[in-house]
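> Fit chains W and X to the given chain G structure using the hints.
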Amino acid sequence: MQDDIFKLIWWVLALPLFGFLFQALMGKLVIDNLGPKIGRTMMGAFAVLPILGSFAIAANITAALRALPEDGRSRILTLFEWITVGNLSIPFEVRVDALSMTMVLIITGIGTLIHLYATGYMSEEKDYTRFFTYLNLFVCAMLLLVLGNNLALLFVGWEGVGVCSYLLIGFWYKDLNNSFAANKAFIVNRIGDWGLSLGIFFLMFMAATTLGVTGQGSDPRWLSYDVLLPNIGVMLENYGHWPLAAAAILLFIGAMGKSAQFPLYLWLPDAMAGPTPVSALIHAATMVTSGVFLLNRMSPLFEAVPVAGAVVVIVGCITALLGALIAFGQTDIKKVLAFSTVSQLGYMFIACGVGAYWVGLFHVATHAFFKALLFLGSGAVIHAMAHNQDMRNYGKLSKYIPITFGTMTIGWLAIAGFPFLSGAFSKEEILLETFASKLNWYGLPIGLIGFGVAMLVAVLTAAYMTRMTFMTFFSGEERWKLIPAHAGHGHDDHHDHDHHHGDHGHHDHGPDVHNFFYTDAEMAEIAKRTPHEHHHDLDENHKPHEVPATMWIPLVVLAALSLVGGGWLFFGVQLPEWLASAGVVVHHHEEIKSIPYWIQKVLAKPIFWAATAAFLLGVAWGYARYFKGLPEKDGVDETKWTGFQKAASKQFGIDGTLTWGSINLGKILGDISMAFDKYVIDGIVNGLGGLSKGFGNLFRSMQTGYVRGYAVLMQIGIVALLGYFIYITMIGGAN
Amino acid sequence: MLSHLIPLASVFDDVPLGWFLTLSLLMFTLGGLGVMIRRNPVVVFMCIELMLNAVNLSFLSFAAYPSPVVGDPNQAAMSGQMMVIFVMAIAAAEVAVGLGIIMAIFRQKNEVDVDEMSTLRG
Amino acid sequence: MTLNQIAFLVMGAAALFGAVGVVFFRSPVRAALSLVINFFVLGLIYFMLGSQMLGISQIMVYAGAIMVLFLFVVMMLRDDGKTDKPQTQEGKFLVGLVASLAIAALTYVAVISPTMNYTGEKFNRIYGTPQSIGTVLFTQYVWPFEVISILLLVGIVGSIMLAKRKF
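Chains as they are written, first to last, in the working numbering: chain G, 1 to 735; chain W, 1 to 122; chain X, 1 to 167.
Hint data in this document are derived by calculation from the structure and do not stem from the laboratory.
Since the model is a prediction, treat every value here as computed from it, not as a measurement.
Mixed in with the good hints there might be a few duds.
Estimated spans, in silico, between C-beta atoms of each pair [as the list claims (entries may be wrong)]:
1. L94(X) <-> Y724(G): 22 to 32 Å
2. S118(W) <-> L94(X): 32 to 42 Å
3. G717(G) <-> S113(X): 18 to 28 Å
4. P114(X) <-> Q703(G): 39 to 49 Å
Glycine included, C-beta positions come from ideal geometry on N, C-alpha and C.
With the rest of the complex left out, here is chain G:
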């Protein structure tokens, strides 16, 4: 009976898959037959329902899992044998434990809300079902990533979410910029996936030899977590510190790619070219946190090699600081949130690096609440502002869109660290864990560095989020009224979507020899031919309007989660114990078990006051600068900006430098390999070819093309054969 409920886990995986297949195969049929309005409503419902069903089942399974004793909270279910090679077996198996179910609940829960939101947000989209096809497929792949019980299945899910991310960033593929952003995301992720696959191969090699040697390899599932992770110690004895550290760092490179860590963060800001629900679901709440999930899952490995932890902390620090600084230079509301996401992901990795893996996952959860809320809220703002994303054209929106304003305010307070909201809990835990960490690297106090950076980033986060919120909802006048109305429909390059432009202009994209992309002129032509269902520009006549119910209901739910989610996870769920039952390494501090803990720790500890001070400092700066009105230093005229802000808006040149550098480095490598190809490989091939050509020339003269000549040659051959036969039969050559 108890196990029956765990078998339902297959439905958690299957429902989004069925949803994907239904959207892909039936979508056009339904919409063509029922008309756009009813058809889209129906397909929207069928997009939301599978995810909701998965969430309901997953919630039940989690409840059943919590009812089990702590040391038995892990179930492995096998569907079929997937790969069997020699003594290696990789079954298609899932692992139901606290870690995977926590991730599943985040994915399906937030996923349901965002799907619901998207039915409203995308309601005027022509490719309605294509969007939900990709989105359902994404959920399926992400669930496979977190549920799989071995690294091979994780890799399948990892690549699956990568493909869906690519498809959704480039959803409006007719625009060259979106295609570029999608390509960039895909290519940068390749680097990370290179690291991940090498790490997996490395671990597999060590596991195969180790488990084979010690005789514990009777279970051939080397890549399965329940076989691999308990044997990390044995592998450490066999191979020593550095090979394992190399494997761990390679895995972390995979996490860097997917979770947008420096220097592979480049793709995430550009990924905002995709529709806003995609930014919320994939590029804030779920997919980008899969790196943190990986570190949690492999925590015994990272625990065994402190060097890897130090690398994680340093990369996390750089990313957190850089993301926060760049956010100050952005005027596109989604870009601010994108760099905020980069920064917060760095935060999570700082926590994981110092050994507080559960805190990393805690922050994943709370961040999923408030960042999804902020993204969806920004989508509502963009929706209200005629698809203009420049915050400098907003102002005083609190009057027009009260629900969005209210919920986004909660999100802002949560991320900025207002005491007792969800963000504050996880942030304080990170500060505490970094401060308490004894991690050091050749005398360098990594833990303390992490603490310092985390404090600084806490201040910066509060500041730039205050800037964003005030620029949007307060700050003086309604600035879009300053834009003069267009005489006609002259400039018309956004279609039925929130196509952002002006922020970084159109890329100069070199010769387009295949005519694959539309040029700007062709885009305008297409836009003219395609009738708009509902469209007008942002100008002085614009009236912002509140979003429909399908869009604000998710906002309210997420706002509620942002309010109480942190406390609930911390005190209600007891996240550290809960995750420890899944094999995540948790360092217990003495206080955690004590009863008056929340009084002792939350009010009496200096960390709480430090975090609150950081919050107040950041908000005060933002209030002073932005509440009254848009300061000239951050205004429409960018020449009056401060030097720091100009640099930040250009990402301190990192994006450009890395892109330029990688292109040139790639070109040099390409030249070298081309020369190698030309002179060495081609030399060998041409040499062989020349050899056979010489032989061919030798024998060519025999090929006269005269049939009668061939007949003569044949006769001569027959004579020879007959002579041989007579020789062996009559003269006795056989003996």
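What follows is chains W and X alone, placed relative to chain G:
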């Protein structure tokens, strides 16, 4: 049972086997020579038919003069005749296709000469 | 010299005349007609060897059908004006002649000379009747027979395609 209808069948058994084989050999040699010295592809085909018939003749000769070492003379005779039937069928198919090819070449080049058909020259 | 031997020599001479005519007549029509002579006489020799069924087939299939086909093609090629002189002057011809003679000599020495006086065992020669051939063809050799029928079908289709298609 039918032997009374075919009195010829047992009449000729005083001609030695070697005579038939010699005829076959001469026909074969002449056919081979013709393939080498004629340029008209139709005649070349005729020469090939000549060679095939020479082979048929030797098959039937061996069928009619079973060797002492062959176990069942009737079985040997039947096998020889079967081979001849199959050779005839294959020759018929070959002639049909071969002459079709010659016609196709003639339509394109307006002349037929095996020496002109030398595009396979190396 | 028995009567049978004289009869064989007469038929053999006729067959050889036909064969020589095929090779050395310049006109393709004459070559074809001498091939008819050769085939017809061969049919008679098959009778003499006891294969009545095959003798009749030889006359009908070869001397009849196939030769008509040859003559049709010769007619359609309109090659009457051009003579096809046998290329006896070439070095190729000399080499070929030598090779042919060598084949003939070797075969004669190895295969034929031991049989020059062999007149065979006496046994009841009823193997050539249509009945006995049909019995064997549709029992023991039924699969080769079917394969041959497919081959002929393919040949028909192929020659029709060759005749129709414009290259």
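> A separate judgement is required for each hint: does it hold in the structure or not?
We went through each hint and held it up to the structure:
Separated by about 24 Å at the C-beta atoms, L94(X) and Y724(G) satisfy the suggested range of 22 to 32 Å. Under the hint 32 to 42 Å, the C-beta atoms of S118(W) and L94(X), about 21 Å apart, miss the expected range. Distance hint check for G717(G) and S113(X): the Cβ-Cβ separation is about 24 Å, which falls inside the suggested range of 18 to 28 Å. A beta carbon spacing of about 41 Å between P114(X) and Q703(G) agrees with the range 39 to 49 Å that was offered as a hint.
Consistency with the previously given hints fails for number 2 only.
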